[in-house]
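Asker: Below, each chain spelled out in residue letters.
2 protein chains.
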Amino acid sequence: MSWRNNLRAVEPYVAGEQPKLKNLIKLNTNENPYGPGRLVKQAIRDFEVDRLRLYPNADAEDLRHALAEYYGLKDRQIFLGNGSDEVLALTFLTCFNSDLPILFPDITYSFYPVYCELFQIDYELVPLRDDFSIAKEDYFKENGGVIFPNPNAPTGSTVTVEDIEDVIRHNPNSVVVIDEAYVDFGGDSVVKLIDRYENLLVIHTFSKFRGLAGIRLGVAMGSEELVSHLYDVKNSFNSYPIDALAQAIGLASVKDSDVIKANAAKVMATRERVVKELKAMGFTMPESRANFIFIKHESANAKDLFMKLRAEGIVVRYFNQPRIDQYLRVSIGTDEQMDRFLEVMKDILAGA
Amino acid sequence: MSWRNNLRAVEPYVAGEQPKLKNLIKLNTNENPYGPGRLVKQAIRDFEVDRLRLYPNADAEDLRHALAEYYGLKDRQIFLGNGSDEVLALTFLTCFNSDLPILFPDITYSFYPVYCELFQIDYELVPLRDDFSIAKEDYFKENGGVIFPNPNAPTGSTVTVEDIEDVIRHNPNSVVVIDEAYVDFGGDSVVKLIDRYENLLVIHTFSKFRGLAGIRLGVAMGSEELVSHLYDVKNSFNSYPIDALAQAIGLASVKDSDVIKANAAKVMATRERVVKELKAMGFTMPESRANFIFIKHESANAKDLFMKLRAEGIVVRYFNQPRIDQYLRVSIGTDEQMDRFLEVMKDILAGA
Chain W
1 MSWRNNLRAV
11 EPYVAGEQPK
21 LKNLIKLNTN
31 ENPYGPGRLV
41 KQAIRDFEVD
51 RLRLYPNADA
61 EDLRHALAEY
71 YGLKDRQIFL
81 GNGSDEVLAL
91 TFLTCFNSDL
101 PILFPDITYS
111 FYPVYCELFQ
121 IDYELVPLRD
131 DFSIAKEDYF
141 KENGGVIFPN
151 PNAPTGSTVT
161 VEDIEDVIRH
171 NPNSVVVIDE
181 AYVDFGGDSV
191 VKLIDRYENL
201 LVIHTFSKFR
211 GLAGIRLGVA
221 MGSEELVSHL
231 YDVKNSFNSY
241 PIDALAQAIG
251 LASVKDSDVI
261 KANAAKVMAT
271 RERVVKELKA
281 MGFTMPESRA
291 NFIFIKHESA
301 NAKDLFMKLR
311 AEGIVVRYFN
321 QPRIDQYLRV
331 SIGTDEQMDR
341 FLEVMKDILA
351 GA
Chain E
1 MSWRNNLRAV
11 EPYVAGEQPK
21 LKNLIKLNTN
31 ENPYGPGRLV
41 KQAIRDFEVD
51 RLRLYPNADA
61 EDLRHALAEY
71 YGLKDRQIFL
81 GNGSDEVLAL
91 TFLTCFNSDL
101 PILFPDITYS
111 FYPVYCELFQ
121 IDYELVPLRD
131 DFSIAKEDYF
141 KENGGVIFPN
151 PNAPTGSTVT
161 VEDIEDVIRH
171 NPNSVVVIDE
181 AYVDFGGDSV
191 VKLIDRYENL
201 LVIHTFSKFR
211 GLAGIRLGVA
221 MGSEELVSHL
231 YDVKNSFNSY
241 PIDALAQAIG
251 LASVKDSDVI
261 KANAAKVMAT
271 RERVVKELKA
281 MGFTMPESRA
291 NFIFIKHESA
301 NAKDLFMKLR
311 AEGIVVRYFN
321 QPRIDQYLRV
331 SIGTDEQMDR
341 FLEVMKDILA
351 GA
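Those protein sequence lines, which keep their order, are chains W and E.
The first sequence finishes on residue 352 if you use our numbering, and the numbering steps up by one all the way, no holes.
The second sequence finishes on residue 352 if you use our numbering, and the numbering steps up by one all the way, no holes.
Don't take each hint at face value.
Chain copies aren't distinguished; within one or between two, either way the pair holds.
Claimed, not checked - Subject to a maximum C-alpha distance of 30 Å in a straight line, what follows is the list of computed DSSO-like cross-link-like pairs (lysine-lysine): (1) 22 - 192; (2) 192 - 276; (3) 22 - 41; (4) 303 - 261; (5) 255 - 22.
Just so you know, these hints were derived from the structure itself, not from any lab.
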């Protein structure tokens with residue numbers, strides 16, 4: 001017997017590396033190549049620093065209200081957390097307490113099984129189809145909850161709103177969570193279904209579309225009843241997860257949404273151009289509606305490409321995992337960054 | 001059967017109110033009356049806002065290193081979280097997984113039983129002595145873990161380092177957590193015991209001493225082994241809990257420690273003066289080494305005083321709880337604020 005016996009043993013999630021090299025082209029963690037915008041800069045400059053001696057508003061009321069207006073929901077349908085990872089963790093803890101396993105795809109955000117292990121939630125992996133699409137019928141069986149990202153990560157492929165509605169209709173006894181971290185790069189959101197289904201929860205983040213990965217803001221949206229349960233758990237965990245500066249920054253970002261949408265349109269245009277060039281070079285990929293693409297070459301080995309890109313100062317994401325070990329996930333950067341990526345890739349393939 | 005059956009039912013913690021009235025004298029949540037200091041302002045002004053598009057350093061390495069130097073520990077003995085409430089929550093989740101109940105005082109930080117309910121941890125309340133002191137012998141019995149604040153909240157009273165060492169010695173099979181949120185206002189820290197006891201965890205916060213309640217930074221310190229387990233759980237919950245601005249602000253605060261210590265000395269001097277005046281007015285209280293006092297009047301009713309102070313724009317904390325319902329917890333503000341508090345209190349008592 002030792003104090004060590006009382007420690008929780010977990011296999012922690014390993015995030016994409018954050019290399020410290022200079023002049024790196026960083027295409028490995030799906031960050032937005034464009035900054036958070038002018039109004040955020042202004043909000044930081046105008047922030048009254050002495051206010052930091054006080055606790056922040058516990059429910060980030062002003063930011064919640066701005067988001068409610070942005071999404072056409074009520075304030076009490078908006079939940080905020082310290083990044084969408086915290087929102088996801090609290091969602092698992094709040095919503096997945098059944099004896100039945102929850103369902104999610106075999107190829108998806110790798111944090112889901114980690115939350116299950118941390119909170120001892122039983123789960124069942126649902127294989128994607130061979131083309132990496134999600135088959136709605138696979139989620140029609142009994143379960144303790146359903147979660148998948150749309151667009152899915154790391155594949156970038158999407159499920160239609162109609163198919164998601166069908167999944168919800170078949171699951172009146174489960175909470176269905178749709179993780180829309182990447183939806184603003186051309187996807188179709190199911191926020192519009194929230195008022196029809198009390199058991200639907202939709203998760204967004206400020207890290208991708210809003211270019212604010214550094215500030216840690218995540219959002220969950222659903223029925224007032226479901227959201228109030230998330231707040232009860234949040235208030236049992238940490239009364240003040242969103243600091244006062246983050247609240248001011250988030251609010252400025254919401255006010256700057258037109259500029260941010262224009263930046264997302266630039267990312268999408270760059271993506272379409274890069275996709276075309278990569279196809280001409282012998283790559284295939286699922287159609288992406290995210291700020292990344294998931295590419296496989298007809299002959300070159302993925303790990304080999306990953307290493308050779310890295311040697312040239314370009315970092316992408318490689319997953320040494322069954323079914324996807326011949327793919328690379330490449331975030332969409334600026335046009336200049338992607339030109340360099342394409343140029344280096346051409347050289348690598350020519351040399352191979 | 002309904003999706004509602006799978007929701008976690010909890011009784012959430014209710015934090016001290018954050019009233020929105022203007023010109024209020026806010027003495028109810030133990031905030032520091034002095035701001036976070038000049039270097040923090042500078043750090044915010046100098047922060048390169050475009051960096052916010054990138055994820056922050058996942059382990060807040062620079063801040064950890066600065067804290068390790070400040071405390072005379074190794075970097076790997078420092079754990080950081082989004083406020084000490086998150087640090088506490090992750091500590092409960094990581095360290096308290098025994099079949100035996102954990103032990104903490106009946107009168108203490110009211111979040112402890114909330115974490116136990118959230119994570120389904122069995123606990124036993126250990127009554128304080130009549131004078132509100134902690135009797136070390138009460139913690140010598142078998143248990144699944146021990147936690148108490150020192151100074152204790154809301155009483156402000158302290159346990160000696162020798163007594164805490166005795167508690168640790170009697171608990172080789174448990175993690176012993178000492179929550180030192182208020183230690184820098186005249187208490188004696190057990191950080192110096194860390195290198196002797198691998199099962200000791202000490203928790204600090206940036207919210208009180210460092211005047212940064214608005215930024216959400218908490219610290220846990222212990223053996224490398226214990227801290228690495230906290231990181232495993234943190235990395236299973238949220239890879240990036242500390243945003244990039246908070247890291248820069250925390251680092252600036254550590255560099256400004258001399259100024260912050262001088263502010264704490266001012267708070268302590270104000271406390272001693274206020275204590276003397278209150279005793280002359282018929283109040284008794286445990287000796288406080290915190291930035292608050294816990295006072296009881298010989299004849300006036302506590303709730304009545306609370307209401308009358310509030311009517312005059314002074315907010316203190318009243319706990320409607322067995323054993324302490326005749327006490328008020330009063331944070332120590334600036335000299336001007338406390339002069340006004342004493343003046344109003346005199347008037348109330350004269351009119352009563």
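Asker: Are the hints correct? Go through all of them and say.
Answerer: Structure-based check of all given hints:
| no. | hint | result |
| --- | --- | --- |
| 1 | 22 - 192 | neither (43 Å within a copy, 39 Å between copies) |
| 2 | 192 - 276 | neither (32 Å within a copy, 62 Å between copies) |
| 3 | 22 - 41 | both (24 Å within a copy, 28 Å between copies) |
| 4 | 303 - 261 | neither (34 Å within a copy, 53 Å between copies) |
| 5 | 255 - 22 | between (33 Å within a copy, 26 Å between copies) |
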